[in-house]
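Given the coordinates of chain U, assemble chain E onto it according to the supplied hints.
Listed here are the chains, written in short residue letters.
Protein chains: 2
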Amino acid sequence: MTTPRPAHIGMDIGGTKTEALVLDADGQVEARISFPTEQGDEGVLGTAERAIAALCERSGRTLVDVSSVGIGIPGQVDHELGTVRHAYNIGIDELDLAARLQERIGLPVSLDNDVTAAAIGAAHLMELPGTTAYLNLGTGIAAGFVIDDQPLRGAHGITGEIGHLAIDPLGRPCPCGQTGCLETVASGSALKSFWHPDGDGRVLLADAAAGDPAAVEALSLLVTGAAAGIRLLVMTFDPHTLVIGGGLRMLGAPLLDGIRDTLDGWADASPFLASLGMSDRIRILPDGSPAAAVGAALSYRS
Amino acid sequence: MTTPRPAHIGMDIGGTKTEALVLDADGQVEARISFPTEQGDEGVLGTAERAIAALCERSGRTLVDVSSVGIGIPGQVDHELGTVRHAYNIGIDELDLAARLQERIGLPVSLDNDVTAAAIGAAHLMELPGTTAYLNLGTGIAAGFVIDDQPLRGAHGITGEIGHLAIDPLGRPCPCGQTGCLETVASGSALKSFWHPDGDGRVLLADAAAGDPAAVEALSLLVTGAAAGIRLLVMTFDPHTLVIGGGLRMLGAPLLDGIRDTLDGWADASPFLASLGMSDRIRILPDGSPAAAVGAALSYRS
Numbered sequence: 001m002t003t004p005r006p007a008h009i010g011m012d013i014g015g016t017k018t019e020a021l022v023l024d025a026d027g028q029v030e031a032r033i034s035f036p037t038e039q040g041d042e043g044v045l046g047t048a049e050r051a052i053a054a055l056c057e058r059s060g061r062t063l064v065d066v067s068s069v070g071i072g073i074p075g076q077v078d079h080e081l082g083t084v085r086h087a088y089n090i091g092i093d094e095l096d097l098a099a100r101l102q103e104r105i106g107l108p109v110s111l112d113n114d115v116t117a118a119a120i121g122a123a124h125l126m127e128l129p130g131t132t133a134y135l136n137l138g139t140g141i142a143a144g145f146v147i148d149d150q151p152l153r154g155a156h157g158i159t160g161e162i163g164h165l166a167i168d169p170l171g172r173p174c175p176c177g178q179t180g181c182l183e184t185v186a187s188g189s190a191l192k193s194f195w196h197p198d199g200d201g202r203v204l205l206a207d208a209a210a211g212d213p214a215a216v217e218a219l220s221l222l223v224t225g226a227a228a229g230i231r232l233l234v235m236t237f238d239p240h241t242l243v244i245g246g247g248l249r250m251l252g253a254p255l256l257d258g259i260r261d262t263l264d265g266w267a268d269a270s271p272f273l274a275s276l277g278m279s280d281r282i283r284i285l286p287d288g289s290p291a292a293a294v295g296a297a298l299s300y301r302s
Numbered sequence: 001m002t003t004p005r006p007a008h009i010g011m012d013i014g015g016t017k018t019e020a021l022v023l024d025a026d027g028q029v030e031a032r033i034s035f036p037t038e039q040g041d042e043g044v045l046g047t048a049e050r051a052i053a054a055l056c057e058r059s060g061r062t063l064v065d066v067s068s069v070g071i072g073i074p075g076q077v078d079h080e081l082g083t084v085r086h087a088y089n090i091g092i093d094e095l096d097l098a099a100r101l102q103e104r105i106g107l108p109v110s111l112d113n114d115v116t117a118a119a120i121g122a123a124h125l126m127e128l129p130g131t132t133a134y135l136n137l138g139t140g141i142a143a144g145f146v147i148d149d150q151p152l153r154g155a156h157g158i159t160g161e162i163g164h165l166a167i168d169p170l171g172r173p174c175p176c177g178q179t180g181c182l183e184t185v186a187s188g189s190a191l192k193s194f195w196h197p198d199g200d201g202r203v204l205l206a207d208a209a210a211g212d213p214a215a216v217e218a219l220s221l222l223v224t225g226a227a228a229g230i231r232l233l234v235m236t237f238d239p240h241t242l243v244i245g246g247g248l249r250m251l252g253a254p255l256l257d258g259i260r261d262t263l264d265g266w267a268d269a270s271p272f273l274a275s276l277g278m279s280d281r282i283r284i285l286p287d288g289s290p291a292a293a294v295g296a297a298l299s300y301r302s
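Here the protein sequences come in this chain order: U and E.
Using the working numbering, you'd call the opening residue of the first sequence number 1 and step up by one each time.
Using the working numbering, you'd call the opening residue of the second sequence number 1 and step up by one each time.
Isolated chain U, as found in the complex:
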């Protein structure tokens, strides 16, 4: 019987579901599972333990054949300390998740913000050199950054929190206490708060296509806001590649072509913006890509 080469487990603990996988020593996905996230401190610890056990069973490994566990999780993550704060959508106020999970499983555990993990994973899976900015268009809007395969983690775990930049003259109130945050126009939560309580992307597209004025306006704000986020990322980070990920990207052409058209319209009005080649830098994260779980598995590298 041969001992398998050591592998790395990565998981993306989200508000409703957890995606987890085993990455083998060559960086290939060996096994992959997905199940509901349990809420709260104990719920999240239990979810992580269950994911590890299920992956070991699925891949025929024991914990001895696993060299690290990486977790991507929403909220304010301190990678050095292995703590997460303010992950309200999974019922966590503050948790020393890395230390407590490590105690239970006896393996090194590292934490990253889920969007940073997705940025690491996207750069790896899409083989992107240089500087990558990853824009997550999901329930919220936020960004992650990778520079020459190294994530930018920043000082206080808030790198890429562009959703709470107050740049919109509509001045809608944001739960963060400011008004006019980018997240109040360009996010899944904006659709629910300001368009329709059951705000769903597919319904939005259907209603907008049928000419419903409120849906047309909500889609237009989403497109313009996302384009403003991209302009912001290009003019601060100047990335080689800007990857659009997150659930809203599944809206497809009405969103993505709309973003490109908006950026190109701005470029037509400004030689300076035109010189930036903004829309040429955009790539879309492929459907079903487990970027955040892969990025979490790879976080042992840095």
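Just so you know, these hints were derived from the structure itself, not from any lab.
Certain hints may be false.
Note that the list lumps identical chains together, so a pair holds whenever it fits in one copy or between two copies.
Only pairs whose alpha carbons sit at most 25 Å apart, straight line, appear in this in silico SDA-like list of lysine to any residue [what the hints assert, rightly or not]:
1. K17 with H196
2. K192 with S270
3. K192 with D93
Below, chain E without anything else, positioned relative to chain U:
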């Protein structure tokens, strides 16, 4: 006769003057000069040659005792290619400055954008660990970034061009073709364009102190715009330290206390912003610090 240990020359070629210095092998400033910049391709090449000759004379070195020359210059700089574009305030449209200077002096020459060079120099001189964002409040407004002693240079030489983010509802026209750019409210050029053609910081302070409404408003816009730039930098880069540099910092307390008060006011209204500790991250570049020339001299490291 002993041969001196090899040193590095750095210079900051600005719109009106060029600052140049020799950094010895221990990173200490050995000699420093300043003189007017000549305009245009040949003018800038001549300025650089004169600076090198003058520094050699001043420090008792010959070119044999110098191992590199680094230049910080305004405009869109391609560090890899050693080219600069759109440096209109020194009369350069496009110039392969590194190769042409290298040909004349027989030493390796590297180029950086002047704000990036200042960020490198500030992090070195102020001994700043981790991630540093450097905000230049001068004729324009722009930022440079250093992460663990490495500058962030980006893909197309426009890293930190936050001055042309269109975030101001006043919607003033900007020479770049957009409206409402941060630079139209928070820069020396904004003072000249929208307050007074001879717009000078000291006059602004005197007039504002005397209660002149236009001066009070111009100062208020400058303060609010600079604070918005800082909020933007904190929420994208999450830097350990944010250094304010550039000529306008010499306005002192009315600007700097104003910026801190504005940030603290925003934090009072938003628990999220309060948690970022924005004003605690601010440091001011010391008066007379040759940050850009030092950073240019150090650019051989990366």
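These are the hints, each one checked on the structure:
no., hint, verdict
1, K17 with H196, "within (23 Å within a copy, 58 Å between copies)"
2, K192 with S270, "between (34 Å within a copy, 22 Å between copies)"
3, K192 with D93, "within (24 Å within a copy, 49 Å between copies)"
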